[in-house]
Amino acid sequence: MDYNWSGGFGFAWRGGFFAYKYFLSPKENKEQVQNGTKQEEKQEEAKQEEGPTEIYTLPSFIVNLADPLGRRYLKLSMDVELKNKKVVEEMEKKLPQIKDAIILLLSSKTFADISTVKGKLELKNEIVSRMTQILGQGKVLRVYFTELVVQ
1 MDYNWSGGFG FAWRGGFFAY KYFLSPKENK EQVQNGTKQE EKQEEAKQEE GPTEIYTLPS
61 FIVNLADPLG RRYLKLSMDV ELKNKKVVEE MEKKLPQIKD AIILLLSSKT FADISTVKGK
121 LELKNEIVSR MTQILGQGKV LRVYFTELVV Q
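First residue of the sequence shown? That's 1 in full-length UniProt numbering, and the numbers climb one at a time after it.
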């Protein structure tokens, strides 16, 4: 069956489509579109003001583990990802408190606590938590172990 689109059926179809687009289709509110664009621009500006994150290398830690025989020690080197340069300056001022908190945390661990991947990930989270208590919420983003030796 051939349809003649130039005749009455084609005219009715085009008219129906026009009526749908003009009367029934959802219309974009120009204010909402502009507000959405403005909010996106503000978020991008805020990210740019924060600047890139900073990596700070802490000195190596060597501690005795809390094993019953006391014959094991841990050597740990790590880098810390911080929110921005201002946090790096704050961290340098509070470095003695941070080192103390990390030494106390590490020396409370046993070999069994840190011998698994899960244990190492928990240790990372605990270090971030201790540093956050000293520096404030949202300033310490991640900890990266660069050397971890247990003997």
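For the record, the hints were derived by calculation from the structure and aren't laboratory data.
A couple of the hints might just be wrong.
Straight line, CA to CA, 27 Å or less: simulated DSSO-like cross-link-like pairs of lysine-lysine [to be verified]:
(1) Lys83 - Lys94
(2) Lys93 - Lys139
(3) Lys99 - Lys118
(4) Lys75 - Lys120
(5) Lys83 - Lys99
(6) Lys139 - Lys94
(7) Lys93 - Lys118
(8) Lys124 - Lys99
(9) Lys139 - Lys85
(10) Lys99 - Lys85
(11) Lys124 - Lys75
(12) Lys93 - Lys75
(13) Lys99 - Lys139
(14) Lys83 - Lys93
(15) Lys139 - Lys83
(16) Lys124 - Lys83
(17) Lys118 - Lys86
(18) Lys94 - Lys75
(19) Lys118 - Lys85
(20) Lys99 - Lys75
(21) Lys93 - Lys124
(22) Lys99 - Lys120
(23) Lys139 - Lys124
(24) Lys86 - Lys139
We went through each hint and held it up to the structure:
no.: 1; hint: Lys83 - Lys94; verdict: holds, 16 Å
no.: 2; hint: Lys93 - Lys139; verdict: holds, 14 Å
no.: 3; hint: Lys99 - Lys118; verdict: holds, 23 Å
no.: 4; hint: Lys75 - Lys120; verdict: holds, 13 Å
no.: 5; hint: Lys83 - Lys99; verdict: holds, 19 Å
no.: 6; hint: Lys139 - Lys94; verdict: holds, 13 Å
no.: 7; hint: Lys93 - Lys118; verdict: violated, 32 Å
no.: 8; hint: Lys124 - Lys99; verdict: holds, 15 Å
no.: 9; hint: Lys139 - Lys85; verdict: holds, 10 Å
no.: 10; hint: Lys99 - Lys85; verdict: holds, 19 Å
no.: 11; hint: Lys124 - Lys75; verdict: holds, 14 Å
no.: 12; hint: Lys93 - Lys75; verdict: holds, 24 Å
no.: 13; hint: Lys99 - Lys139; verdict: holds, 17 Å
no.: 14; hint: Lys83 - Lys93; verdict: holds, 16 Å
no.: 15; hint: Lys139 - Lys83; verdict: holds, 5 Å
no.: 16; hint: Lys124 - Lys83; verdict: holds, 17 Å
no.: 17; hint: Lys118 - Lys86; verdict: violated, 32 Å
no.: 18; hint: Lys94 - Lys75; verdict: holds, 22 Å
no.: 19; hint: Lys118 - Lys85; verdict: violated, 31 Å
no.: 20; hint: Lys99 - Lys75; verdict: holds, 14 Å
no.: 21; hint: Lys93 - Lys124; verdict: holds, 22 Å
no.: 22; hint: Lys99 - Lys120; verdict: holds, 18 Å
no.: 23; hint: Lys139 - Lys124; verdict: holds, 15 Å
no.: 24; hint: Lys86 - Lys139; verdict: holds, 10 Å
Consistency note: the structure conflicts with the earlier hints numbered 7, 17, 19.
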